[in-house]
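Enquirer: One letter stands for each residue in the lines below.
Number of protein chains: 2
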Amino acid sequence: MRALIARCSVDYSGRLDAHLDPAVRLVLVKADGSVLIHADGGSYKPLNWMTAPCKLVEGPPSDAEAGQGVIEVWTVRHAKGEDALTIRIFEILDRMSCDFGVDPGLVKDGVEAHLQELLAAQIELLGPGHRLIRREYPTAIGPVDILARDPGGGTVAVEIKRRGEIDGVEQLSRYVELLNRDPLLGKVTGVFAAQAIKPQARVLAEDRGLRTLVLDYDEMRGVDDPTARLF
Amino acid sequence: MRALIARCSVDYSGRLDAHLDPAVRLVLVKADGSVLIHADGGSYKPLNWMTAPCKLVEGPPSDAEAGQGVIEVWTVRHAKGEDALTIRIFEILDRMSCDFGVDPGLVKDGVEAHLQELLAAQIELLGPGHRLIRREYPTAIGPVDILARDPGGGTVAVEIKRRGEIDGVEQLSRYVELLNRDPLLGKVTGVFAAQAIKPQARVLAEDRGLRTLVLDYDEMRGVDDPTARLF
DNA sequence: TGTTCAATGTCGCAA
DNA sequence: TTGCGACGTTGAACA
Chain A
48 MRALIARCSV
58 DYSGRLDAHL
68 DPAVRLVLVK
78 ADGSVLIHAD
88 GGSYKPLNWM
98 TAPCKLVEGP
108 PSDAEAGQGV
118 IEVWTVRHAK
128 GEDALTIRIF
138 EILDRMSCDF
148 GVDPGLVKDG
158 VEAHLQELLA
168 AQIELLGPGH
178 RLIRREYPTA
188 IGPVDILARD
198 PGGGTVAVEI
208 KRRGEIDGVE
218 QLSRYVELLN
228 RDPLLGKVTG
238 VFAAQAIKPQ
248 ARVLAEDRGL
258 RTLVLDYDEM
268 RGVDDPTARL
278 F
Chain L
48 MRALIARCSV
58 DYSGRLDAHL
68 DPAVRLVLVK
78 ADGSVLIHAD
88 GGSYKPLNWM
98 TAPCKLVEGP
108 PSDAEAGQGV
118 IEVWTVRHAK
128 GEDALTIRIF
138 EILDRMSCDF
148 GVDPGLVKDG
158 VEAHLQELLA
168 AQIELLGPGH
178 RLIRREYPTA
188 IGPVDILARD
198 PGGGTVAVEI
208 KRRGEIDGVE
218 QLSRYVELLN
228 RDPLLGKVTG
238 VFAAQAIKPQ
248 ARVLAEDRGL
258 RTLVLDYDEM
268 RGVDDPTARL
278 F
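First to last, the sequence lines map onto chains A and L.
Read left to right, the first sequence gives residues 48 to 278 (the working numbering).
Read left to right, the second sequence gives residues 48 to 278 (the working numbering).
Treat the hints as calculated values from the structure; they're not laboratory data.
Where a beta carbon is used, it is the ideal one built from N, C-alpha and C, also for glycine.
Do not take every clue at face value.
[Unchecked claim] A partial selection of chain L residues facing chain A, derived with a Cβ cut-off under 8 Å:
(1) Ala50
(2) Leu63
(3) Asp64
(4) Ser90
(5) Lys92
(6) Ile139
(7) Gly148
(8) Leu162
[What the hints assert, rightly or not] Below, a list of computed lysine-lysine pairs in the DSS-like style, where the Cα atoms sit at most 27 Å apart:
(9) Lys127(A) x Lys127(L)
(10) Lys102(L) x Lys127(A)
(11) Lys245(L) x Lys155(A)
(12) Lys234(L) x Lys92(A)
(13) Lys155(L) x Lys245(A)
(14) Lys127(L) x Lys102(A)
(15) Lys155(L) x Lys92(A)
(16) Lys92(A) x Lys102(L)
(17) Lys234(L) x Lys155(A)
(18) Lys155(A) x Lys155(L)
(19) Lys245(L) x Lys102(A)
(20) Lys155(L) x Lys127(A)
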């Protein structure tokens, strides 16, 4: 990792063209060659960047560039494709360099896949007497998160989201419509399950005749994993 | 902007829980208070982060933490909500600090709106004899990208995407359904136009009776703009 | 390797 | 503020 605080201008050309006028910015060059240009604000997305694999060439400015005060020109080209980043450096204010070694990586907990596992294991959250048919039930337009059998012999399609929004309801609607064409499944109803459901999504779901179900992740995990109760 | 190269562990708790075991990483603190934790690889997305507005508190380790070698504990809390980031620092290898000033910002030249202009100008790409009614035809549920008249006197609603995916087909379906309730327009058909159309989107479009049209941006620009042929 | 879907998505615009 | 769609989306899982 190399980090540079420098007054620089940046030009990107590739999937689009973008330009940054000269200002002080942070320039990062990672071990894999990727380059990030960060301003002192905004969120985690850099102003400009180049993803690995790519090649960085540091060179002198042309006479015209030197006349405008440029002291170095860095050119970063993506290994495949036309993408190119040109960094014109006017002044270097500070720099750091360090070899990090391999990162042990991020451990995540509480994503949608976990919700799906937990609901499959606690399928009676759909209501007493429900039985799991299978998770990731395949259809022509994609897999249904959970398919279950209700006590009356009907089929229940469940769409799970961490945050229940309108596009999730659309998705479930498509599944239910498609599955209802399958005579083997009988009558198919839909359940829209999420940790939180936005009002618009709830209204649309009700309008489409779909049930909504709010999932309490902590509680579901508590039932599933007794050790979690300790906290 | 403060930049720190440090051996640290990181824990995020909020919309999900995420943990990073101790390793050398780059810690950035921007002027607006946002914090980014970067590894020496991967793309521009940090391993962990906190977006502004948030508050950083630097404090001493607890006795237990100190016993494990922690020398500083940084706690970053989001101003609204439960989101919190805890950075336990074991060793500081290097640091930089600098006041950047305001960034002049990014100037972009996009490709997106261009497709609509080009297709409107070359409306017969829909088929011989088509005539443009108007771009951005307003409806109660949003503007239709392009409305055209086909040779048979019917109306064609066109939804344009750079990348044709399933939600675009949904959007077009809604428009076509709505427009077909308008007796003045006669029979309304739909065309889903994109630079590339994914198989699932194509299947859904066909299932809904919508035509698909793949747009060649370079060719359309070539027809429209003679100067582009020089390249 | 390509495809599909989630994301602590982020970002920008408009109602 | 919320909704909605695009993004140089990125990232991960799976076929």
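Enquirer: Looking back at the numbered hints, which does the structure fail to meet, lowest number first?
Expert: Going through the list in order, the structure violates hints 6, 8, 9, 10, 11, 12, 13, 14, 17, 18, 19 and respects the others.
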